[in-house]
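J.: These are the residues of each chain, in order.
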Amino acid sequence: MLPIHEQAPAFSLADLNGNSLQYAAGKPALLVFFETDCPTCRLTFPYLNKLAKTLAHGSANLIGVSQDSEAATREFVRQMEVAFPVVLDGELAVTRQYDPLAVPTLFLVNAAGKVALTEIAFDKAELNAIAARLCEMTGVEPVIIAEEFDGAPKSKPGCTSRHLEGEAAGAEVAAVDLYSQRGQRASRIEISDDEDPFEYCLKFDNLPVVPPTVERVERMLRATNLPPEEIIARVPPNYGEATVEKIAANAVMAGCQPEMMRVLIPLVRAVCDERFNLHGVQATTHFAAPMIIVNGPIRNELGFACGSNVLSNVARANSTLGRAFQLIITNLGGAKPGVIDMSTLGNPGKFSYCIAENEEVSDWTPLHVQHGFKPDQSAVTLFAAEPPHGVSEHYARDGKTILKAISRSLATVWSYRMCMVFEAFVLMCPEHVKTLQRDGFTKESARQFLFENTGVPIREFVGDGGEGSQLTKMYQQVTIDGEECYRKFASPEQIRIVVTGGTAGKFSAVVGSWAAGPRGSQVVTYPIE
Amino acid sequence: MPITLVNPLNETIREARNAASKLGTLSGKTIGLLDISKPGGSVFLDRLESLLRERHGVASVVRAMKPTFTKPAPEAVIGQLLAARCDAVIEALAD
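So the protein lines, in turn, are chains A and B. For the first sequence, the residue numbers in the working numbering are -19 to 509. For the second sequence, the residue numbers in the working numbering are 13 to 107.
Keep in mind the hints are simulated off the structure, nothing from the lab. Please note: incorrect hints may appear among the correct ones.
Unchecked claim - Below, computed lysine-lysine pairings styled on PhoX-like, alpha-carbon distance capped at 25 Å: (1) A:K354 to A:K453; (2) A:K104 to B:K34; (3) A:K354 to A:K414; (4) A:K134 to B:K83; (5) B:K34 to A:K136; (6) A:K453 to B:K78; (7) A:K7 to A:K33; (8) B:K78 to B:K50; (9) B:K41 to B:K78; (10) B:K50 to A:K316; (11) A:K30 to A:K104; (12) A:K104 to A:K33; (13) B:K50 to A:K453; (14) A:K316 to B:K83; (15) A:K7 to A:K30.
This is chain A alone, in the form it adopts within the complex (with noise of 0.2 Å):
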C-alpha cells in the first residue's frame, strides 16, 4: 500500500458521464477507494457525502475511486446519493498503484501531491482526523462528520480490495457461506489486442494457457446441464467458491474439450471431499500432489491413455484432465506455490498427474470395483502422491520374484525405516501381472504377498535415532526370509494395485503416500455420470 510521506500517482479515469476526470497535486485531495457491493463502503459513504459538502467548493479534490462496473457503480451512486464525483477504474490500473489493502481506504493527499494520511476500513476517530485534516488544509472550520453515538459501530472491518481477489491468504479466511449452493456468475475481463490475456488468467503454474473467452466457455457450459452459478465445491485453503462457470473457465485455459465437464465435476467434488484433506496436501512442506486415477468406460469414451507413457504426454485427455484440474485447485483455492504451497522440492505431477487403469490387459479386479462401484460403472480416485519410483525387474522367471523386488522399493516409501503410518500405490505394468496371472496371482493375493514380504531389517534401527526410530514401539515384528524385520505397513489395505501402462517392459512403479488415514489424506474414489 502506498505510504505516507510518498508521491500519489496523478491519473486519468472516466467518470459516470463518460467524461475523463483527472487527478494530479496542486490542491488537497481526498481519494477513496471502493466497491460496490461492500458494507462497509456503504457504511462510511454517508460521511464522505457531509464533508463533501463542508468543503468550500473547488477547494480540494474528492474522488471516488469505483473498483466495479460502470453500470454497479452507477446504482451505488443513485442509491448512496454520493455528492463527489466518482470515476470507474474497473481495469484496477489505478488501484494497482495505490495498492489499498482493503475497502474503503482513504487517501488523504496534500498540495504537493504527498501522502498525508490513509485510512483501511470504517473507523469513526480516524475518519474524524481525516476530516479535520482536510479541513486545515483548505482554510475552514475543523468539522465532526462521524458522531460517536449515531448508530453506526465505532470501526468495522472493509472487504479485499478487487485487485487482491484470488490471492487473498490467512487472516482473510473469515465469513464463510459453507451452506448456499448458488454462487455469482464469474466476472468478465474486457482486453484489447495488445494486451496479454495470460496476464489475466495465469496464476500459478507459469504456462500458456488458452484464453477463457466467453464464447469458449459457454461451449464448455454446453456439456453439462447443470447451471454456471452452481456451487460444486468450495476449495481450500481458501475456500473459494468452484461454480460450474468457473470450473468450465479452468477447463477451458488447459485445452480440455467440453465433454472433460462430465469428470471434472465429480473430480472437483473428490477433491474437496474432507476426507481427501486438500487443506493440508496443499499446504504441506512434503511432495504430495493428487494423483487422479481414472477407471471404466469413460476411459475409451474421452480417450484416456492406460497404455505406454501413461504418466506423461502421451494423451490429451490425460494431459489436460490433470492440468485443468490444477489450475481449479490453484487459482480457485488460492495455494498459490511459493506462497502458500511452499513444498520444499515439489512435485512434477503439480502440472499434470493423471492415468487410468488398463483393465482390459488382465483379468484382475479394476480399481474402482475394488472401491464398491460396478465394472460397467465410471469412476474417478484421488490419492495424494509422492513422484512415482521406478521397479525395473527383467531378470524374474516368477511372480514371486517380481513381487520381491517391488517389496524392496515398498520399503523406502516415505523413507526406510518409517513403518505403518503411511500408503502406497504400485502401478503394475501388463508384462509383469501376465507372469503373476500364470503363477496364480491375483491382485488381492498380490498385495497380500506384498504387505507380508515388505519389512525393514531390525538391524538398520540401530544407534543414529534419525526419522522412523522413534515409533518402534508401535511396529511390529516378523520374520521375512530368515531376517528379522519390522513390518513396513499396518495392514494390505494400505497397498494398493493398479494395472497401467505399456506391453513391453518390465517396469512397474511405487508411488508413496503423504500423511494418511483419518489424520491426514484418505483415498477417495467417486463415480463418473
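Position chain B relative to chain A; hints supplied.
T.: Okay, now just chain B, sitting in the frame of chain A:
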C-alpha cells in the same frame, strides 16, 4: 478487436479482519501455547514456556494441542484456549 474473457480466478468475497493489537508487556499475562503436534513441538514449547515464565513473568501458560498437524485446529481446541481467556496465543511447530 477486443476480446471478453470469463474470469477464471477466485472471486469469492472474504471479509478482511484487522490484526489484534499487540500486548505492551508479557508480564502478568495469560499466554496460550498451541502445539500443532509435529514430532518436536513439545520440546520447543517446553523451552518457550520456561522462558516466558522465567524471563517475562507471565501469570500463566495454557497448553493445547491439535490432534493432527495436517488439518486446521478443531473448535474444541480453539474453545480450550478461549475458555482460558488467553491474552495471546503462540502456535508453534518443530520438526
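J.: Take the hints in turn and mark each one as holding or not.
T.: Hints and how they fare:
{"no.": "1", "hint": "A:K354 to A:K453", "result": "violated, 41 Å"}
{"no.": "2", "hint": "A:K104 to B:K34", "result": "holds, 21 Å"}
{"no.": "3", "hint": "A:K354 to A:K414", "result": "holds, 24 Å"}
{"no.": "4", "hint": "A:K134 to B:K83", "result": "violated, 35 Å"}
{"no.": "5", "hint": "B:K34 to A:K136", "result": "holds, 19 Å"}
{"no.": "6", "hint": "A:K453 to B:K78", "result": "holds, 22 Å"}
{"no.": "7", "hint": "A:K7 to A:K33", "result": "holds, 17 Å"}
{"no.": "8", "hint": "B:K78 to B:K50", "result": "holds, 9 Å"}
{"no.": "9", "hint": "B:K41 to B:K78", "result": "holds, 23 Å"}
{"no.": "10", "hint": "B:K50 to A:K316", "result": "holds, 23 Å"}
{"no.": "11", "hint": "A:K30 to A:K104", "result": "holds, 13 Å"}
{"no.": "12", "hint": "A:K104 to A:K33", "result": "holds, 18 Å"}
{"no.": "13", "hint": "B:K50 to A:K453", "result": "holds, 18 Å"}
{"no.": "14", "hint": "A:K316 to B:K83", "result": "holds, 18 Å"}
{"no.": "15", "hint": "A:K7 to A:K30", "result": "holds, 20 Å"}
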